[in-house]
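K.L.:
Residues per chain, in single letters:
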Amino acid sequence: MNQPVLTVRDLSVQVATPSGAKMVLEGLSFDLRAGETLCLAGESGSGKSMTALAIMGLLPKPMCRIAGGSVKLGETELVGLSDAGYRQIRTARVAMIFQEPMTSLNPLMTVQQQLSETLLEHGACTRAEAPGRALQLLRDVQLTEPDRRLKQYPHELSGGMRQRVMIAIALACDPEVLIADEPTTALDVTVQAEILDLIRDLQRDHGTAVLMITHDMGVVAEMADRVVILRHGCEVESAPVRDLFAAPQSAYAQELLAAVPRLGSAPPRPAKPQGPTVLKVDDLTVRFDVTGGLLNRVTARVHAVEGVSFDIRAGETLALVGESGCGKSTIGKALLGLVPWQGSVLVNGRQTRGMGPARLKPVRRDIQMVFQDPGASLDSRMTVGDQVAEPLLIHGLASGSELTDRTEHLFRRVGLSPDMMARYPHEFSGGQRQRINIARALSLSPKLIVADESVSALDVSVQAQVLGLLQEIQDEDGLAFLFISHDMAVIEQVADQVMVMRLGQVVEEGARDAVLRDPRHAYTRRLLSAVPVPDPTQLRHERIETESLGSPIWPAGQGPEKLHLNAVAPDHRVAV
Amino acid sequence: MSAYLVRRLFESALILIGITLVTFVLLYLVPADPARQIAGRSATVETVQNIRDQLGLNDPFFLQYWRYLTALFQGDMGRSYLQRAEVSELIATRLPASLLLMVAAIVTELAFGLTIGIVAALRRNKPVDHGLMIFSFVSISAPQFVIGILLLYVFAVKLGWFPIGGYGTFAHVVLPAVTLGFLGAGWYSRMMRSSVIDVLGQDFVRTAQAKGLGKARIILRHVLPNAILPIIAMIGIDIGLFMSGIVVVESVFGWPGIGQLAWQAIQRVDIPVIMGVTMVSATAIVLGNLLADLVAPLVDPRIKMK
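Residue numbers (full-length UniProt numbering), protein chains in the order written: chain A, 1 to 576; chain B, 1 to 306.
No lab work stands behind these hints, which were simulated from the structure alone.
C-beta atoms are modelled at their ideal positions from N, C-alpha and C, and glycine is treated no differently.
Some chain B residues judged to face chain A by a derived CB distance under 8 Å, without partners named:
#1 Phe-204
#2 Lys-211
#3 Gly-212
#4 Leu-213
#5 Asp-300
#6 Arg-302
Turn these sequences into a full structure, and let the hints steer you where they fit.
P.N.:
Quick look at the structure:
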């Protein structure tokens with residue numbers, strides 16, 4: 001075996017908190033060899049990002065510091081290195097890409113400027129050679145139209161393109177180690193597949209050692225040679241990827257792997273009696289105007305949702321799936337009257353078209369929403385008890401001791417203790433906060449809950465618990481769910497019906513098993529094949545080809561061609 | 001671009017017409033009688049009436065306003081009641097002095113405000129930061145006439161570095177410009193400080209560090225251009241602030257600008273002059289905002305003119 005390029009021994013990181021120093025990483029050791037991919041996996045708070053920042057010397061000062069241990073890059077000891085010393089290492093020998101491609105590039109500099117800056121800083125080429133080198137780097141990361149991209153600003157590029165630019169910057173000086181901190185978490189699943197393919201290709205061509213940080217066991221299975229599982233800052237298990245997935249040794253690794261939703265393994269949905277139709281949506285259309293010109297006239301429109309129809313019965317879950325910008329969240333907002341819409345929405349048989357806020361208020365009782373970010377959905381200056389009780393007050397449904405009783409009941413209902421009612425949101429974990437949001441949504445005894453990416457921000461183990469809670473509520477109360485998600489594996493677990501959307505239109509819909517196990521539309525197939533499989537013995541065979549999705553923006557007076565759905569089976573329709 | 005400009009100029013003209021109406025109504029409602037001011041204390045009621053008739057002050061409000069507006073569109077701002085001159089001439093002779101003072105004050109406040117803000121942000125929560133923020137708090141709170149008189153006393157009377165008042169050389173500009181820019185320096189230092197702190201926490205700054213760039217380059221190339229963006233819009237609005245300050249500062253330093261002209265006119269109810277000065281300052285504010293909006297897309301590629 002060749003010499004390790006990066007050797008980490010007993011690395012510990014301390015964070016200063018108001019209650020004293022706290023260890024967020026304790027005694028971590030690993031070796032990374034050329035051409036190898038090591039995954040640091042774990043849930044939030046496990047210290048995996050801290051490890052990356054510690055290696056790069058980028059720990060936020062003065063709160064964090066390396067408390068002990070050693071990080072050796074070849075023969076160079078990085079712990080205790082001066083600023084000037086780190087500057088020579090960063091990007092030249094150890095490069096890093098980050099989770100948020102949308103905000104990781106300077107919005108005021110062109111792609112070329114940001115690339116050349118890196119090249120010139122490390123003396124990789126002369127000023128005259130820089131544009132040529134920058135262009136070559138963009139070609140290396142397989143960015144389309146590289147000549148034009150050089151002159152563009154970050155906001156003109158999509159998330160996937162920006163992450164390619166970030167990779168180009170990281171590889172500008174041909175580093176020995178590439179640290180990728182959740183590089184695909186913020187991206188759509190097909191874009192994720194493209195980026196992962198790219199990282200693998202570049203690694204093969206350059207022999208770079210990759211330290212990949214991720215919470216996604218699918219990504220681990222696909223990318224890793226070896227895995228280190230972290231929890232609360234400590235190593236739980238370290239093993240070659242196949243051994244880990246075949247026979248995890250530690251209890252935590254077993255739990256973690258068991259909680260991972262696996263596409264194609266969800267049990268069949270129980271047959272349900274046909275309930276009454278709770279929501280009937282016909283030809284729902286949402287367009288946003290783009291204005292311009294001398295008189296501020298409408299020059300173009302964003303066709304966010306185009307003629308979507310569906311209905312949901314009591315006790316049923318309809319899943320809306322699609323990539324970002326497909327209009328799935330807009331549908332949820334339209335149902336609650338949060339965006340202007342056209343078409344017809346019948347809630348419990350009542351037409352809501354043209355209703356003002358006052359008349360919509362009783363309708364809103366029947367539809368409640370649970371959002372993606374459990375923290376941001378709660379008011380940080382109001383006790384959680386008051387927040388759960390607030391809808392009851394607003395609708396005048398309870399007061400005094402009855403209000404307290406009902407709130408306590410709701411807390412028990414979502415698996416929280418009523419003692420917690422007087423606390424504030426920051427005292428809860430992400431999973432608990434989402435439970436509070438669910439309690440708030442349940443307070444009005446709605447008929448339908450719109451769950452917009454409600455479990456996407458949660459760790460897998462917590463995600464499984466929250467999904468279990470939602471299922472339990474549905475079984476008991478016969479609640480209907482509109483479940484909006486980008487995660488195919490989660491959808492497979494919860495959905496009775498599935499609708500696949502692209503550019504505001506439905507391309508395929510039908511019963512879960514029909515759509516997910518016998519997909520007929522090319523786009524559905526593409527989505528499904530891009531999902532990383534959490535099993536290193538079953539790797540994705542086909543490569544995802546880069547494909548432009550098109551744009552939902554059309555000049556005024558024009559619009560997308562309306563897709564017609566053809567039935568291919570009794571409960572399965574596909575756009576032609 | 002040109003369509004945008006035409007639309008914005010059209011909007012600006014509408015705003016200015018609105019301002020003439022509001023100012024005219026306010027002056028019409030003022031209890032003081034300009035005719036009495038012209039005629040003097042001892043004049044008879046008939047004399048005052050005659051003057052009122054001559055000036056058209058007995059006509060209905062809308063006729064008066066219409067007359068003013070039509071004249072204004074022909075470039076005629078009227079004639080001063082008390083000084084034997086056209087309002088446009090009075091303003092033309094005094095405007096250069098005020099513009100000079102304003103430019104000098106903007107340079108002063110930006111130079112001080114931005115520097116203080118940047119230094120404070122980079123030394124956040126250190127003694128330097130606390131000291132600078134106390135200074136900026138003082139500069140925001142202190143009334144301009146106090147600052148002006150204090151500066152005069154120390155630098156002109158005691159030290160004799162600058163002339164006590166008047167107009168002409170560079171030395172004359174310094175004290176009035178510092179007085180006028182003092183308040184703005186306080187505001188800008190606070191805004192710049194929070195803007196720089198905000199940008200320092202953004203992901204692309206971390207990217208710049210990960211590239212191995214030096215501290216100076218990160219601050220000059222990545223932090224400052226982003227931090228200055230919210231300030232640009234403020235400079236446009238700021239011109240309004242100057243117009244109120246200029247009246248005070250010009251009186252304190254005997255600076256022959258339109259602030260002084262306005263002050264004299266207000267004391268003696270010289271309505272055409274008050275109207276004229278108001279229009280000039282309103283135009284300056286509107287143009288300042290327009291300019292800020294036109295500059296913003298040049299600095300920030302994400303902003304499109306539409």
